[in-house]
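Trainee: Assemble the whole structure, with the sequences as input and the hints as a guide.
Numbering that gives the first Met the number 0 puts the first residue of the sequence shown at 0, with every later residue one more than the last.
Simulated from the structure, these hints should not be mistaken for lab results. Certain hints may be false.
[Unchecked claim] Mimicking DMTMM-like on lysine to aspartate or glutamate, the simulated pairs with C-alpha atoms at most 25 Å apart in a straight line are:
| # | residue 1 | residue 2 |
| --- | --- | --- |
| 1 | Lys-124 | Glu-28 |
| 2 | Lys-41 | Glu-82 |
| 3 | Lys-23 | Asp-45 |
| 4 | Lys-73 | Glu-63 |
| 5 | Lys-41 | Glu-63 |
| 6 | Lys-124 | Asp-43 |
| 7 | Lys-88 | Glu-25 |
| 8 | Lys-74 | Glu-63 |
| 9 | Lys-113 | Glu-82 |
| 10 | Lys-101 | Asp-31 |
| 11 | Lys-113 | Asp-31 |
| 12 | Lys-101 | Glu-28 |
| 13 | Lys-124 | Glu-82 |
| 14 | Lys-90 | Asp-45 |
| 15 | Lys-113 | Glu-63 |
| 16 | Lys-56 | Asp-45 |
| 17 | Lys-23 | Glu-131 |
| 18 | Lys-113 | Asp-43 |
| 19 | Lys-88 | Asp-31 |
| 20 | Lys-90 | Asp-43 |
| 21 | Lys-101 | Glu-131 |
| 22 | Lys-88 | Glu-131 |
| 23 | Lys-41 | Glu-25 |
| 24 | Lys-113 | Asp-45 |
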Amino acid sequence: MKYYRCLYFFIFALSVKAYAYQPKIEIVEQFDNLRMVAFINKEDADSNPSWIPGSNKLPLTVVEAIRAVNVLSKKLNTIVEIEIRLMPKYKNRWHYLIKTAKTAKTANSAMRFKYNIYVVLMNGKVVPAIIEPAI
0 MKYYRCLYFF IFALSVKAYA YQPKIEIVEQ FDNLRMVAFI NKEDADSNPS
50 WIPGSNKLPL TVVEAIRAVN VLSKKLNTIV EIEIRLMPKY KNRWHYLIKT
100 AKTAKTANSA MRFKYNIYVV LMNGKVVPAI IEPAI
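Mentor: Below you can see the structure in the form of C-alpha cells.
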C-alpha cells in the first residue's frame, strides 16, 4: 500500500512539470472607444521580428495579417479597422490590431460588442483580444 502512495506522488510530480508556468505579456490598448486586453506568450513576443519604420519592409504585410486572422477564425471576416502599434516594453517590435465585425449569425441583441479584435504579431501569430466592458 505504501508503494501506491509513492506512485501517486511520482505521477503528481510529473504532472506539475507538464503544466509548468509560461510567462505572459499583457497588452492593454485603447482601440477607438473599446479597451482591449491580450495575453501573449513571452516566447512569441521575443520571436516577433523587429521593424524600424521607414528603414525596411514590414516583416508581415497587411494582407498576410488579414489572412492569418481568417485562418484562425476559419471564415472570411469583414475588416472594420486595422492599426499598427508598438509593443509595450519592446523596442522596435510592432503588432497589428485588427477589428472585425461579427456576422449576423454570431451577433445578437444580448451580446455587448459587435466586434472581435485580434492582435497579430509580425511573425504571424494571432492572439484574440478580450474587450473590456465600459464602466
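Trainee: Each of the hints needs a verdict: does it hold here or not?
Mentor: Do the hints match the structure? See the list:
A hinted pair counts as satisfied when its Cα atoms are at most 25 Å apart, and Lys-124 with Glu-28 qualifies at roughly 18 Å. At most 25 Å may separate the alpha-carbon atoms for a hinted pair to count; Lys-41 and Glu-82 meet this at roughly 22 Å. For a cut-off of 25 Å, the pair hint linking Lys-23 to Asp-45 stands: about 11 Å separates their Cα positions. Restraint check: the Cα-Cα separation between Lys-73 and Glu-63 comes to about 15 Å, which is no more than 25 Å; the hinted pair holds.
For the hint linking Lys-41 to Glu-63, the alpha-carbon distance of about 22 Å falls within 25 Å, and the restraint holds. Taking the CA atoms of Lys-124 and Asp-43, the gap is about 7 Å. The hint holds against a cut of 25 Å. For the hint pairing Lys-88 with Glu-25, the CA-to-CA distance comes to about 10 Å; that is within 25 Å, so the pair holds. Of the supplied pair hints, the one linking Lys-74 and Glu-63 holds, its CA atoms being roughly 15 Å apart against a limit of 25 Å.
A C-alpha spacing of about 18 Å is found between Lys-113 and Glu-82, which places the hinted pair at or below 25 Å, so the restraint holds. A hinted pair counts as satisfied when its Cα atoms are at most 25 Å apart, and Lys-101 with Asp-31 qualifies at roughly 17 Å. For the hint pairing Lys-113 with Asp-31, the CA-to-CA distance comes to about 13 Å; that is within 25 Å, so the pair holds. Using a Cα cut-off of 25 Å, the hinted pair Lys-101 and Glu-28 holds, with the two alpha carbons roughly 20 Å apart.
Taken as a hint, the Lys-124 and Glu-82 pair is honoured in the structure, with Cα atoms around 16 Å apart against an allowance of 25 Å. Among the hinted pairs, Lys-90 with Asp-45 is consistent with the structure: their alpha-carbon atoms are about 11 Å apart, no more than 25 Å. For the hint linking Lys-113 to Glu-63, the alpha-carbon distance of about 24 Å falls within 25 Å, and the restraint holds. Only pairs whose Cα atoms come within 25 Å are accepted, and Lys-56 paired with Asp-45 is accepted, the gap being roughly 19 Å.
In summary, the hint linking Lys-23 to Glu-131 is supported, as the alpha carbons are separated by about 18 Å, within the 25 Å threshold. Using a Cα cut-off of 25 Å, the hinted pair Lys-113 and Asp-43 is violated, with the two alpha carbons roughly 28 Å apart. The suggested pairing of Lys-88 with Asp-31 holds, with an alpha-carbon distance near 22 Å, which does not exceed 25 Å. At roughly 15 Å between alpha-carbon atoms, Lys-90 and Asp-43 fall within 25 Å of each other, so this suggested pair holds.
The suggested pairing of Lys-101 with Glu-131 holds, with an alpha-carbon distance near 17 Å, which does not exceed 25 Å. Among the hinted pairs, Lys-88 with Glu-131 is consistent with the structure: their alpha-carbon atoms are about 22 Å apart, no more than 25 Å. Straight-line distance between C-alpha atoms of Lys-41 and Glu-25 comes to about 10 Å, which keeps the hinted pair within the 25 Å bound. The straight-line distance between the Cα atoms of Lys-113 and Asp-45 is roughly 32 Å, outside the 25 Å bound, and the hint therefore fails.
Of the hints listed earlier, those the structure fails to meet are numbers 18, 24, in rising order.
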